[in-house]
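Residue-level listing of the chains:
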Amino acid sequence: MDDGKITLCINAQSISVEPGVTVAAAIAMAGSGVTRRSVSGATRAPLCGMGICQECRVMINGRPHQLSCQTLCADGMHVVTAGEVQP
Amino acid sequence: MKYADIVVVGAGPAGLAAAHAAAAQGAHVAIIDDNPLAGGQIWRGGPDLQADQRAPQLWQALRSAAHVEFMPQTRVMYAPLPGHLLLQTPDASITLHYKKLILATGARERLLPFPGWTLPGVTGAGGLQALSKGGYPLEGKRIVVAGSGPLLLAAAATLQGKGAQIVAIIEQAATPALARFALGLMATPSKIAQALRLMTQLGGVPYLRNSYVHSAHGDGTLQSIQVQRGTERDQETLQCDYLACGYGLLPNLELAQALGCATTMHNGQMTVQVDAWQRTTLADVYCAGEGTGVGGVDLALAEGHIAGLAAAGHPDQASEAFTSRASWQKFAARLARAFALRPELRTLAGDDTIVCRCEDVCHGDLRTHTSWRSAKLQTRCGMGPCQGRICGGATEILYGWRPDAVRMPISPTRISSIID
Numbered sequence: 001m002d003d004g005k006i007t008l009c010i011n012a013q014s015i016s017v018e019p020g021v022t023v024a025a026a027i028a029m030a031g032s033g034v035t036r037r038s039v040s041g042a043t044r045a046p047l048c049g050m051g052i053c054q055e056c057r058v059m060i061n062g063r064p065h066q067l068s069c070q071t072l073c074a075d076g077m078h079v080v081t082a083g084e085v086q087p
Numbered sequence: 001m002k003y004a005d006i007v008v009v010g011a012g013p014a015g016l017a018a019a020h021a022a023a024a025q026g027a028h029v030a031i032i033d034d035n036p037l038a039g040g041q042i043w044r045g046g047p048d049l050q051a052d053q054r055a056p057q058l059w060q061a062l063r064s065a066a067h068v069e070f071m072p073q074t075r076v077m078y079a080p081l082p083g084h085l086l087l088q089t090p091d092a093s094i095t096l097h098y099k100k101l102i103l104a105t106g107a108r109e110r111l112l113p114f115p116g117w118t119l120p121g122v123t124g125a126g127g128l129q130a131l132s133k134g135g136y137p138l139e140g141k142r143i144v145v146a147g148s149g150p151l152l153l154a155a156a157a158t159l160q161g162k163g164a165q166i167v168a169i170i171e172q173a174a175t176p177a178l179a180r181f182a183l184g185l186m187a188t189p190s191k192i193a194q195a196l197r198l199m200t201q202l203g204g205v206p207y208l209r210n211s212y213v214h215s216a217h218g219d220g221t222l223q224s225i226q227v228q229r230g231t232e233r234d235q236e237t238l239q240c241d242y243l244a245c246g247y248g249l250l251p252n253l254e255l256a257q258a259l260g261c262a263t264t265m266h267n268g269q270m271t272v273q274v275d276a277w278q279r280t281t282l283a284d285v286y287c288a289g290e291g292t293g294v295g296g297v298d299l300a301l302a303e304g305h306i307a308g309l310a311a312a313g314h315p316d317q318a319s320e321a322f323t324s325r326a327s328w329q330k331f332a333a334r335l336a337r338a339f340a341l342r343p344e345l346r347t348l349a350g351d352d353t354i355v356c357r358c359e360d361v362c363h364g365d366l367r368t369h370t371s372w373r374s375a376k377l378q379t380r381c382g383m384g385p386c387q388g389r390i391c392g393g394a395t396e397i398l399y400g401w402r403p404d405a406v407r408m409p410i411s412p413t414r415i416s417s418i419i420d
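Respectively, the protein sequence lines represent chains A and B.
Mapping the first sequence onto our numbering, position 75 (from 1) lands on 75, and the numbers just tick up by one.
Mapping the second sequence onto our numbering, position 302 (from 1) lands on 302, and the numbers just tick up by one.
Just so you know, these hints were derived from the structure itself, not from any lab.
There could be a bad hint or two in this list.
Straight line, CA to CA, 30 Å or less: simulated DSSO-like cross-link-like pairs of lysine-lysine [said to hold, decoys possible]:
| id | chain 1 | residue 1 | chain 2 | residue 2 |
| --- | --- | --- | --- | --- |
| 1 | B | Lys191 | B | Lys330 |
| 2 | B | Lys162 | B | Lys141 |
| 3 | A | Lys5 | B | Lys141 |
| 4 | B | Lys99 | B | Lys2 |
| 5 | A | Lys5 | B | Lys162 |
| 6 | B | Lys376 | B | Lys330 |
Just so we're clear, the structure is a prediction, and the values are computed from it rather than from any experiment.
Bound conformation, chain A alone (with noise of 0.2 Å):
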């Protein structure tokens, strides 16, 4: 990209970041932040930050449980997370 931007798509949606930024904080700035649904259906946003309580769980490019706060966003990537969709 000319301006530095990154461009992965979220979802339906497209949004262009900052390099560095990572997918936990993109799912952010496209919509309410939830990452999952709970065994039993409650929607879940990002908690530890850090790798360790599996919360900000996400498809990444077809892979199913990919931590997003600890990926970086990268050019086309496709993040299918489970907050805009029902169980």
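Keeping the supplied structure of chain A fixed, place chain B upon it in accordance with the hints.
Then chain B, alone, in the frame of chain A:
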């Protein structure tokens, strides 16, 4: 299969200091970290960007050393053989063979359950600080920072620096304990300077001592919290977009325990048992930093330095750092005394408050159990992806029991990493 003379797990201050000391003796060192950048939590975002000059100095020295390899976004899964670790990266797995292993796995926050703590918008205190350093959008957001310990001030300062409005800082410790701690800082002048800097930056932000978050409220996402001030009859309501709430730190012991290192209680916490040279009870395995007891960056640097020299075969040179380590161990003991958790925090969860967030197990399902094993067998508490790392710190406070064993693999692992 890869090989390194010395493998360091964790690229925070302890791990970087250990790697630096070992590499200076000519050892071939590999540093593993699960984050994309080195620095650990306190130097998160990369050592080069830190105001603490020790961070860029260590990092630049390591970067220019030919025989030091940094492996980011790499997690240890298990030890297939003695002297070997199976590692997983986002795309692959690899077996790493070593002669000596230095564990510098740091600490996590103790997060305690209260009504509403699973709402999006409620995070750890260091948790939101860490998220903010990864670009989490907090500009203009109203944030309450709560829990216990000096980390609250550091987190609030970082969040304010990112454009957030800090509504209040809520510290559960009572005023006399805080006053004793402040007086004890006379022994560590660098910490006084740091405290003054933080307080100046946070001037005007209410610092509520002897207080704690009673509950969080919101429809789908956090909107307000109820705060208990001391023993006052009426609670106070604060409107906020985020609640960053953490009750101190807990050493990350899982890898050490899985390998078979003995643990010991130290300052009221389970820690990895080490000797004067940071050797664990397992041959060729060392531990440095928060794993041996939470003490902060200065203690971590001293311990890392000692572990690195000892692992590289130069324990004689390590004794120079013993004085510094002893001084910061005293600081750690004062820290643990001042911010001991008040008993009321055990009573916040209601029967329908979730304690195990992975499996959605509530307080009402857990409070009658007498052991971790019993709760796990009958409720699935601690059996989800975090494997009790979050709820274990809560059940210890609420019920007096905590995870009794660590299973391999120590982190969720792709099947292909194991059977390839």
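Verification of the hints:
1. B:Lys191 x B:Lys330: holds (13 Å)
2. B:Lys162 x B:Lys141: holds (10 Å)
3. A:Lys5 x B:Lys141: holds (24 Å)
4. B:Lys99 x B:Lys2: holds (12 Å)
5. A:Lys5 x B:Lys162: holds (20 Å)
6. B:Lys376 x B:Lys330: violated (37 Å)
In this structure, the one hint that does not hold is number 6.
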